[in-house]
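Visitor: Chains as they are written, first to last, in the numbering used here: chain V, 160 to 574; chain L, 361 to 645; chain G, 3 to 325.
Treat the hints loosely; a few may be bogus.
Claimed, not checked - Here are the simulated SDA-like pairs of lysine to any residue, each with C-alpha atoms no more than 20 Å apart in a straight line: (1) 393/V / 597/L; (2) 393/V / 538/L; (3) 473/V / 210/V; (4) 393/V / 493/L; (5) 559/V / 462/V; (6) 573/V / 490/L; (7) 573/V / 495/L.
To be verified - What follows is a set of in silico ranges between Cβ atoms, one per label pair, in the way DEER data are often shown: (8) 317/G / 447/L: 37 to 43 Å; (9) 243/V / 151/G: 22 to 28 Å; (10) 472/L / 187/V: 29 to 35 Å; (11) 194/G / 512/L: 40 to 46 Å; (12) 7/G / 429/L: 53 to 59 Å.
Think of the hints as simulated: they come from the structure by calculation, not from any bench. All residues carry an ideal CB built from backbone N, CA and C; glycine is no exception.
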Amino acid sequence: MEKKSCFLCVTLLALALAAPAHAAKTVKIGLLYPLSGNAAAAGKSAVQAIEVGADIVNNAHPELKGIPLAATAGLPRLGGAKIVLDVADHQGNPSIGQSQTLRLITQDKVVALLGAYQSNVAFAATAVSERYGIPFVVGDSVAANITGRGFKWVFRTTPIASDFGRNYMEFLGDMKKAGRKADTIAIVNENTDYGTSVAQSLIEQAKKAGIKVVAQIPYNANSTDVTAQVLQLKAKNPDVVIFVSYTSDAILYMKTMKNLDYMPSMIIGDDSGFSDPSFIPAVGPIAQGVMNRSAWAIGKPGSNTYKINAMFKKKTGRDLDDTSGRSMEAFLVLADAINRAGSTAPKKIRAALRATDLKPSQLMMGYHGVKFDKTGQNILAATYLVQLQGKEYKAVWPSKSAVAKLEWPMKGWKK
Amino acid sequence: MILLQVIAAGLLLGAVYALFSSGLALIWGMMNFINFAHGEFVMAGMYVAFLAVVWLKAGPAGFTLAAACGLFILGVVIYFALIREVLRGPMLAQILSTFGLALFLRYAAFFIFSPNFVTLPQTALTGTVDLDGIYLSVPQLVAGAVALILTLALHLLLSRTQLGSRLLAVAEDREAAMLMGIRPDRMQALAWGLSAASAGIAGALIALSFPFSPEVGGSFVIIAFVVVALGGFGSVPGAMIAGLIIGLIESLSAYWFGPVYKDVVVYGLFVALLWLRPQGLLGTQ
Amino acid sequence: MRWRPFALAAALLVYPLLFRGAFYQDMGALVLIQATSASAWNIVGGYAGQVSVGHAVFFGAGAYLPVLFYELWQLPLFVGVPAGIAVSLAFAFIIGLPTFRLRGHYFSMATIAVAELVRLIVSNSGFLGGAIGLMGPARPRGWWDLVFRSAVPYYYIFLAVLGLVLLATWQMERSRFGYYLRAIRADERAAKSLGVPVSRYKLYAFMLSAAFTAAAGSLYIIKTGFIDPESGFGILVSVQMIIIAALGGAGTLLGPLLGAILLVPLQTATNTWFGGGATGLTYIFYGGIIMLIARFEPGGLIELWRLRIAPLLLRRRGDAHAP
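So here's chain V without its partners, still in its complex pose (with noise of 0.2 Å):
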């Protein structure tokens, strides 16, 4: 009996130091997305894009130029350590959201996190990271004060709903300087968190920019008929239109605004169903000239972009879009960061976090850089505003990032 325990004890030594050895081989890194529920497209093209990264990260990529750990094969200061996913799916529910947190942090040992695209899942996961001391590297949801919170290991990359807020109007101002009739918007926006708190950082800085909002429609997303809101816009007869959309309704006003004859000189999507892959599809001829907020551009053939898009495209079928994108660039700062700590310690993995300083030629993502504030927001993040010419979005804002003339006022379905 003794002797049996005693056998036992010496296996579970051995195997425990064995576990270290084992770990510096692959890095474990938890994604908590959507996989079911309404938003279940977009997590799983995030995903997606996310397993492209860490194929980016895991072999050798020496084609992608200045990328961050593209040329090597693994993280080279931990001994070539390969990158592990773990997806979870938190069924765009934050109860839900935080048990997964806490099983991907004690159960699988992840050493850091990524998520969540529905911000409401962001608030709660977060909690749940902060407490275990868990990086949690936000990619994709934009509610203002998911970072803010006095949070220590809470991290995001994406631009958030007051920085593209101040992208339009700054856009818009440009517009009057050039001499274009932009004085007054409408907002348009789909009435849960998403569209919520977006609109409400836009009519803020459009009351700085002194735009002036002549109307704002929240709506719900799963409306059948936007008849009524469509004409609303027709009377009010705004400049430019915003729009803070899903992807049914997005498709839905724009074939609603050609039956009802009405058209803006402008219209903005905010990215969501407007980068959704069925948009262009299902009424691109209609909605020539519309203009999206995106970070992300395919951009001209050899370049870096074009390489990671044709990289998705063959995993997937389409092209990569913008919140897809965003998740990307979040994994690649932090397999960077964790490549920089040279450990798998979150202490380590967070200090190196709070250092991080990637310049635009670094990133995959129109943002002008990555460096962290001390809420643990990206300060440089920003985004480019594209316009759909063709088949396609092209960027045309600001004219440095530009690659095709901005097309004002806008065509839809004109010839």
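Given the structure of chain V, go ahead and fit chains L and G onto it with the hints provided.
Guide: Only chains L and G this time, still in chain V's reference frame:
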């Protein structure tokens, strides 16, 4: 002029509501049973239409027919596999069974078709009709008209044909119908088939102008409840008129109070109705 | 037979000590919240047979009031718990009075509509956080904020509340109140003609059930620290209570607890197994189970045990005794 436009849009939408709601009313009237998966039948109709377009290159008439047939079969199968047994059980089991069915259908579509949004390819039905300043899109016009005709047809089928009177006989008194030589099982299966088919056709018609994903059904089922409650539970002509009214109310309240309050108005009306006139606005005691 | 509830109680008491993993302890706490809300629903939905599909109203009120008090006056979350219960009682009274004239499915539909209405109103009310929701104290200011890293303190608080709910249900079951409710469930008209004050007792059951459901909502916010309209008032919140109670056995004392013990870990496990692929298998599986219960064993697992498995075991034992 704007008001007329809003009214027209509301009536066209209401006609489609009337079609799928009349299916729910039929089931309710015959079996005293509410189907929480009715919205998922609408969704399934959209995907059947989608498959018909992709595989058979079907046109609007073809894919609507395909949705009708596909959903009729689904309805009958579900009746025999699940509902027949559950009808004899307690009310809790009845409610649970169609909740389970709704989840199952929704995520089966999710599994097969992925969570992405789908739009039907451009069909021959495009363009707008300009009625003296009121713009109506052809797909919506066709959808509204077809829905209205089919709802009427369902009503006539129930009220004017022998088949209809057999169906109603089972609804009135199961035992007596059996003594008359009607097989209630068959009639109830038929009712489920018709109910699902009405939802399926409505789905195909909505898909003419609306992008859809597996999650789309949830928003239709509560509309159907409201319509059925307004029209008087179990009344097909009631559902038809109530569908038009609800479409109109949605459209007008979205215009007057803002789109966010359109659902508040509709649900508020529903609650008030259940409290004040549980037999429905158009029903009799 | 009498030892079984005690064995269950003992198992629940030692569970966090046996399973030391933080994730398992957390799951235990979630099981207890769900068991509490399902047991609360069971009073009106199971015993009285009034299938409410709108209990999320009470759950949401129980979750929102504490966090609203924190938002407005920086009060610790537990201070708002009685307010949540009070608001739920008021809601139950307002909803219950007219609604209980409705029978069967009409009642179910009315409760859905009320819950959806409340959810929409909350989503559009700025002072309730609108669609974004409300957050409790992000970082604990002291022990009174009840922010623990480990789930064990939550677990025992929740267990105490569940114990209270079950004790109340047990008392009710054996009292005249309980008999009345069962009479109402069996045949409302008959009960009325026998002199049972049907409407009054339905209302009592509804209010009792509402108060306990609000308590479960308060437990949720204390643990999660964040609430939005969908996770407070969403229709799935109500449906989850019904499914758990029905799985275990609606109208039995321990059915909802058993249902939660089975279903919550099962949901977590299926999410872990199938969740990563975005295939929807979790819910296909879940929907399938619900249909199977409804189709084959509407009395739930307790009924399954009593009617099918226990006789089988007894017969086998009987066979063994036979010469």
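Visitor: Run every hint past the structure and note whether it holds.
Guide: Structure-based check of each hint:
1. 393/V / 597/L: With a Cα-Cα distance of about 36 Å, the restraint between residue 393/V and residue 597/L is violated, given a limit of 20 Å.
2. 393/V / 538/L: violated (61 Å)
3. 473/V / 210/V: holds (12 Å)
4. 393/V / 493/L: Holds. Residue 393/V to residue 493/L sits at ~13 Å (cutoff 20 Å).
5. 559/V / 462/V: holds (16 Å)
6. 573/V / 490/L: holds (17 Å)
7. 573/V / 495/L: Answer holds: residue 573/V to residue 495/L is near 17 Å, not above 20 Å.
8. 317/G / 447/L: 37 to 43 Å: violated (31 Å)
9. 243/V / 151/G: 22 to 28 Å: holds (26 Å)
10. 472/L / 187/V: 29 to 35 Å: holds (32 Å)
11. 194/G / 512/L: 40 to 46 Å: holds (42 Å)
12. 7/G / 429/L: 53 to 59 Å: At roughly 54 Å between Cβ atoms, residue 429/L and residue 7/G fall inside 53 to 59 Å, so the hint holds.
Figure legend: structure checked against the earlier numbered hints; hints not met, in rising order: 1, 2, 8.
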